[in-house]
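Protein chains: 4
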Amino acid sequence: MSIRIFVTGGTFDKEYNELNGALFFKDTHLNEMLKLGRCKAPIEVRTLMMMDSIDMTDDDRETIASNCLKCDLDKIIVTHGTDTMVETAKVIAGKVKDKTIILTGAMIPYKFGSSDGLFNLGAAIGFVQTLPHGVYIAMNGRFFTWDNCRKNKVIGEFEEIR
Amino acid sequence: MSIRIFVTGGTFDKEYNELNGALFFKDTHLNEMLKLGRCKAPIEVRTLMMMDSIDMTDDDRETIASNCLKCDLDKIIVTHGTDTMVETAKVIAGKVKDKTIILTGAMIPYKFGSSDGLFNLGAAIGFVQTLPHGVYIAMNGRFFTWDNCRKNKVIGEFEEIR
Amino acid sequence: MSIRIFVTGGTFDKEYNELNGALFFKDTHLNEMLKLGRCKAPIEVRTLMMMDSIDMTDDDRETIASNCLKCDLDKIIVTHGTDTMVETAKVIAGKVKDKTIILTGAMIPYKFGSSDGLFNLGAAIGFVQTLPHGVYIAMNGRFFTWDNCRKNKVIGEFEEIR
Amino acid sequence: MSIRIFVTGGTFDKEYNELNGALFFKDTHLNEMLKLGRCKAPIEVRTLMMMDSIDMTDDDRETIASNCLKCDLDKIIVTHGTDTMVETAKVIAGKVKDKTIILTGAMIPYKFGSSDGLFNLGAAIGFVQTLPHGVYIAMNGRFFTWDNCRKNKVIGEFEEIR
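Protein chains in written order, with my numbering: chain A, 1186 to 1347; chain B, 1186 to 1347; chain C, 1186 to 1347; chain D, 1186 to 1347.
Source of the hints: derived by calculation from the structure; they are not laboratory data. Errors might be hidden in some of the hints.
Since the list gives no way to pick out one identical chain from another, each pair is judged satisfied if it fits inside one copy or across any two copies.
[What the hints assert, rightly or not] Simulated crosslink set (DSS-like; lysine-lysine; CA at most 25 Å straight-line): (1) 1296 to 1220; (2) 1336 to 1220; (3) 1211 to 1280; (4) 1296 to 1280; (5) 1225 to 1338; (6) 1220 to 1280; (7) 1296 to 1211; (8) 1225 to 1275; (9) 1296 to 1225; (10) 1296 to 1338; (11) 1211 to 1284; (12) 1336 to 1225; (13) 1296 to 1275; (14) 1280 to 1336; (15) 1220 to 1338; (16) 1255 to 1280; (17) 1282 to 1225; (18) 1255 to 1275.
For clarity, every value in this text was computed on a predicted model and none was experimentally measured.
Kindly generate the complete structure, drawing on both the sequences and the hints.
Set out below in structure tokens:
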């Protein structure tokens, strides 16, 4: 039972630049996180892009969706910034029907010790192996179908729409 | 969809005693870990015991199984030392039929920064919400049915028997 | 032998805002860091301001210097952003003659696990108890007199001028 | 101004063995800690032994003292378990007269995130550059002369004898 992780950036992978004090992207920490979690599930990690989800264009979302479509595995995790995670989920759902696709992310960068990323990654790996085909968002220990989920920007949590 | 976590101790919750250099148990870190993971799934944590699984007696396993039996929720996570996790899973499986019960643990104490516990807890929370009724072990990003799992003590990982 | 720490902000104390992804200041972490270091030297921490040193005005530097002047202890540590640490040291040195004053800071926020702040704080506490009266910068395990120090912004390290 | 660090083990360098749950020694973390602290003071690290100070024999203490004696630098830090740190300091003081020698250690292993080791190492690097020749213990942000120091084993802190 093999799993693909597509990395797109987001808070998950933000780094601190000690020369100018800004946050930026370099390489993904996903492999390091899987190692830290002693993960032995058969997973391949591929980086599609490294960006803030707030800067994503329609083209970027198409790229993500078409990679999900072309992927020969039917269990896919997409790491993604939380701000537009729901929009990307919608684009994927319009295009990919016969796979279990989980979008997940973090509110705190992994490199900040107190990250929720390791927990969310664990949960996503649980959900991707067990949920029926469909597109889901996994955050805060919960899962949501793509069409019944929004980010509550006041409290920084995901919730059902209805 | 409510989840119960029964805490029994194990590496998960070991502390370092700075006066004598020994590892020991005090209180569980489960609530702290759920907070760190920004978990919003409806979870109640109850401590049944705080012990090394290598020291568990038949009576201890009966206590765990009967708490699973009496629990009015059908989604249960049991945190447990890895050494005898499979034995306890077997006792629970003999007694409890109509619930999804996930045993999980850690190879490294949570208080040691590099813990696999947060990752395993995330995965267990994913599995408990989605797997059919049964007794499972969730370690290393994978899940195993209770009767097809053993700990490989040479490499410190769980694996299928057949 | 009592020591005063004046907090002025800087990278030391930056926090990550998980709602908007920006870095910001809230309360100082100095007391938490002293506790983590099991520090038992008699130290009082007082916050003068919480700001990026790049935003400091002449008035801010006067505030810091006059607090050093009025302080009834002769061992003072000032936590400070690294960008204009040398300018503030010069202003203090022009005003305060009979005290040992150590400016220190960090390149990485303390809340990012991999901080140099705890190490620099330890070194500053060592230097403040042992160096003769004067104004010094303590960074990177070294100390510099205020008039023979600059920050090399290319490599992010402090160095002697001559 | 060059500094030598002699590593002898102690809590500083203890590791957690995830296969059997015991604490043990492998390689020193001193170079990693100096890197984390962005230390640029000219320091050489040499490992003399890796042991619990409670297991040290008279021969081990002689080895440490004679390495301090032979060392061609006059600024030396010795990392050491806290239980018998004072005994080793006494043996060194009987043998080495014209150097500044600082013994330091930790109450919590560095690999346990919440270590006091990084703070103590910073302080020791401060003291070794500034204290006059003599043998000292640096713990808890304070320094003690070798002949006026004891470990209070009830509270786990060092204190003056008189």
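Here's how the hints hold up against the structure:
1. 1296 to 1220: Answer is both; intra-copy 15 Å and inter-copy 16 Å each pass.
2. 1336 to 1220: Close across copies (18 Å), not inside one copy (29 Å); limit 25 Å.
3. 1211 to 1280: Classified as neither; 30 Å inside a copy, 44 Å across copies.
4. 1296 to 1280: neither (34 Å within a copy, 41 Å between copies)
5. 1225 to 1338: Close across copies (15 Å), not inside one copy (35 Å); limit 25 Å.
6. 1220 to 1280: neither (32 Å within a copy, 36 Å between copies)
7. 1296 to 1211: both (12 Å within a copy, 20 Å between copies)
8. 1225 to 1275: Close across copies (23 Å), not inside one copy (30 Å); limit 25 Å.
9. 1296 to 1225: both (22 Å within a copy, 22 Å between copies)
10. 1296 to 1338: both (23 Å within a copy, 23 Å between copies)
11. 1211 to 1284: neither (30 Å within a copy, 44 Å between copies)
12. 1336 to 1225: This pair counts as between: shortest inter-copy Cα distance 13 Å, intra-copy 31 Å.
13. 1296 to 1275: Neither, since 29 Å and 35 Å both go past 25 Å.
14. 1280 to 1336: within (22 Å within a copy, 41 Å between copies)
15. 1220 to 1338: Between copies only: 19 Å across chains, 32 Å inside a chain, cut-off 25 Å.
16. 1255 to 1280: Cα proximity of residue 1255 and residue 1280: one copy only (11 Å, versus 46 Å across).
17. 1282 to 1225: This pair counts as neither: shortest intra-copy Cα distance 27 Å, inter-copy 28 Å.
18. 1255 to 1275: within (17 Å within a copy, 42 Å between copies)
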